[in-house]
Amino acid sequence: MTERKTNGIGRRGFLKLGAAGVAGAATIGGKAKPAAAAVAGGTMMAAPLPAAKGPRVVVVGGGWSGLTMAKYLKKAKPDFDVVLLEPSSVFFSCPLSNLWLHGVVETDMLIHSYVDAARNNGYIWLQAALVDLDREKRRAYTSLGTIDYDYIVLSPGIDYMYESFGVEDPAEQYMVAQNWPAAFKPASEHLTLKGKLEDFEEGVFLLTVPPGNYRCLPGPYERACMIASYFQKEDIPGKVVLIDPNEKPTIKAEGFLAAFEELYKDVLEYMPSTKIEGIDVGKKKVVTDFEEIEFADAAIYPRVRAARLIENLGLADPKSPQKEAAIDPLRYHVIGDEHTYVAGDARPMPFSKSGNTANSEAKIVARMIAAHAEGKEVPWQSPETICYSAVSADPLESIMVDAKYKHDGTGQGWGFTDVVMINDRSKDLGKANIEWGKGLWRDMFEA
Amino acid sequence: MTHDLDRRLFLKACARTAIATAALGVAGRPGPVFADILDNPPRSRLVDADGAPIRASALEDNQTLIFNYPYKATPALLIRLDRDPAEGVSTRDTEGHEYVWPGGVGPGNRIVAYAGICPHALSYIAHDTAFLHYATGPTSFSDHDHVIVCCAHGSVYDPAEGARVVAGPAPAPLAAITLEHDPQTDEIYATGAIGTELFVRFYKAYKRELRKEYGRKAYKKLAEGDVVALAPEAYSEDVLDC
Ligand SMILES: Cc1cc2nc3c(=O)[nH]c(=O)nc-3n(C[C@H](O)[C@H](O)[C@H](O)COP(=O)(O)OP(=O)(O)OC[C@H]3O[C@@H](n4cnc5c(N)ncnc54)[C@H](O)[C@@H]3O)c2cc1C
Ligand code: FES
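Protein chains in written order, with my numbering: chain R, 1 to 447; chain L, 448 to 689.
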């Protein structure tokens, strides 16, 4: 088995966190030594954890993938000693947050306790971030110390690529991110966006659909509907402008287009087949391939990439435009390393980057890891993407899609299968939409 | 857990099932673990809203009734099938514990009952909204007909086969409710439940809501005496169609 060592970028990511480490940093032949050696003579202490009671599995990231993974690893193999690393103090749900922006659901519905999740499901939550890995020694370097593991699963989600808009300068990227956060990563960005809507006076509220396989395909269209409906409800003389590089909505097109036309004709302008080529930060303008559009406020959603952690650990596929992890697409482990797994939105497979996909996939991956630990193998199974989108808030009405995936045998060519698409919005689907979220939160946080 | 939610091995209670499933154990390997059942299940007669007993022979094909059993706050779903149910279906609950579905009762053994709680993520038939319903035609989630569907994430169950999962994410069938039919009086009794780990999860997940709805003391009590069985539309304000 060939294993790659931590690379230089990984070390840099690590060093940013602790000045103490900088003095001891050394590179050998252009490659960084594993982090242990880089940190002041390897003095990083063990993370404050109880002794492992069985094979230790570290799950990195307490999102939809990691939370499900931690719980179902325990279920699949109760003697696994599972540690979930998540630096946030509270879970905030992206799904259903568009309904929350409008006021259809309350904040307390979206937030959940990591302590509850861990207590109810028999694993440990360590409020720490993974900063580096020594995959040969199977040692994780976290912001709270080292953890030796048998398996590690990386579910760190996404980051944004502002370069996709031609915004290259980090200072400008920061300006865009701070002034018009995309609100496709939880939770501060969402809180800011809600505040913006409440404060909005008049003019254009700009939303964008990214190119590529971005997180939550229907998310930008659902959000456009919810904000447009909010403007109607609050009688705000504003207009939502939704810029989309695609010819039509990337999913549930018929249902969204019907809602745009029938419900929001006066408050929502949908601009398909329109590419953003630049952002004039000072003048609050986006430059498209056709025209310049001024806006009063915005939530600018750039192309997504696998969370930087993946690249920092040297695990990004150099051929992947979204820097997604280089893993065996059917077994989820890093090529040549059956102790390191990647799942959730950081995966390279072209699945819909959705909470439901991450949740159903994590159960499959957990069973694979449990089987591996017992010297067995379980057959590949498709994750499932069940995805509701609210298109009307009052009354709440939704549309939905349910799909699975099939592959060509090698895990390279992928297609949808068993697709059910309901584009006729209905109140029943609206209720099911909320219950969908409640059910998956129960799945992740309750026993 | 509370005394009410005490459990014991299915083995102790149902020799027929125990023998049937024990046969599945392969020599040299640990034998099967049996699904949990209730310790002292109530024997509850099903009555209508006026207190008159439900008569098995009066039920029409595909008629569905909702009643609370085995606990005061746990909904169950009874269906008068329009076809003969499968016999001797052996299956597993969410814990992976085995049981043999006891089948139906009444004319043609066509009256069956299950917990109205989805083992996937516990959506249920609540008084305000029923997330599960019985559909005789194809549904949004599958081409199967004569199925129980959970609208939350599209789990689809076949009530003629022990609520086997035919589509969707559910890891196990709906928990079975055992029934008895008294041929003399034509009355129907609910007599027990299999796979009761589900109720432990249900109470954990909904403790706060159930306490509010049923009261602090009553919410986790076993059903007692007669239980009222209502049409889905009478039991729930809104029965989702999906
Ligand atoms: C507005 C919006 C609406 C959506 N609606 C839906 C919907 O209706 N249905 C649906 O199915 N999906 C929906 N989604 C998509 C869904 O939220 C994502 O697909 C899902 O969150 C992906 O799960 P994940 O675990 O891969 O990533 P995340 O949930 O983002 O979790 C990643 C976690 O990793 C942590 N992390 C990152 N780096 C580190 C590190 N170094 N160490 C430790 N932890 C780290 C992060 O803090 C984060 O908590 C929506 C998303 C948005 C933004
Ligand atoms: S709760 Fe029924 S399908 Fe998920």
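Hints were generated in silico from the structure; no laboratory data involved. In this text the structure is predicted, and so the values were computed from the model without any measurement. You may find that some hints are simply not true.
As the list claims (entries may be wrong) - Below, a list of computed lysine-lysine pairs in the DSS-like style, where the Cα atoms sit at most 27 Å apart: (1) L/Lys651 - R/Lys438; (2) R/Lys275 - R/Lys265; (3) R/Lys427 - L/Lys664.
Tested hints:
no. : hint                : verdict
1   : L/Lys651 - R/Lys438 : holds (14 Å)
2   : R/Lys275 - R/Lys265 : holds (22 Å)
3   : R/Lys427 - L/Lys664 : violated (35 Å)
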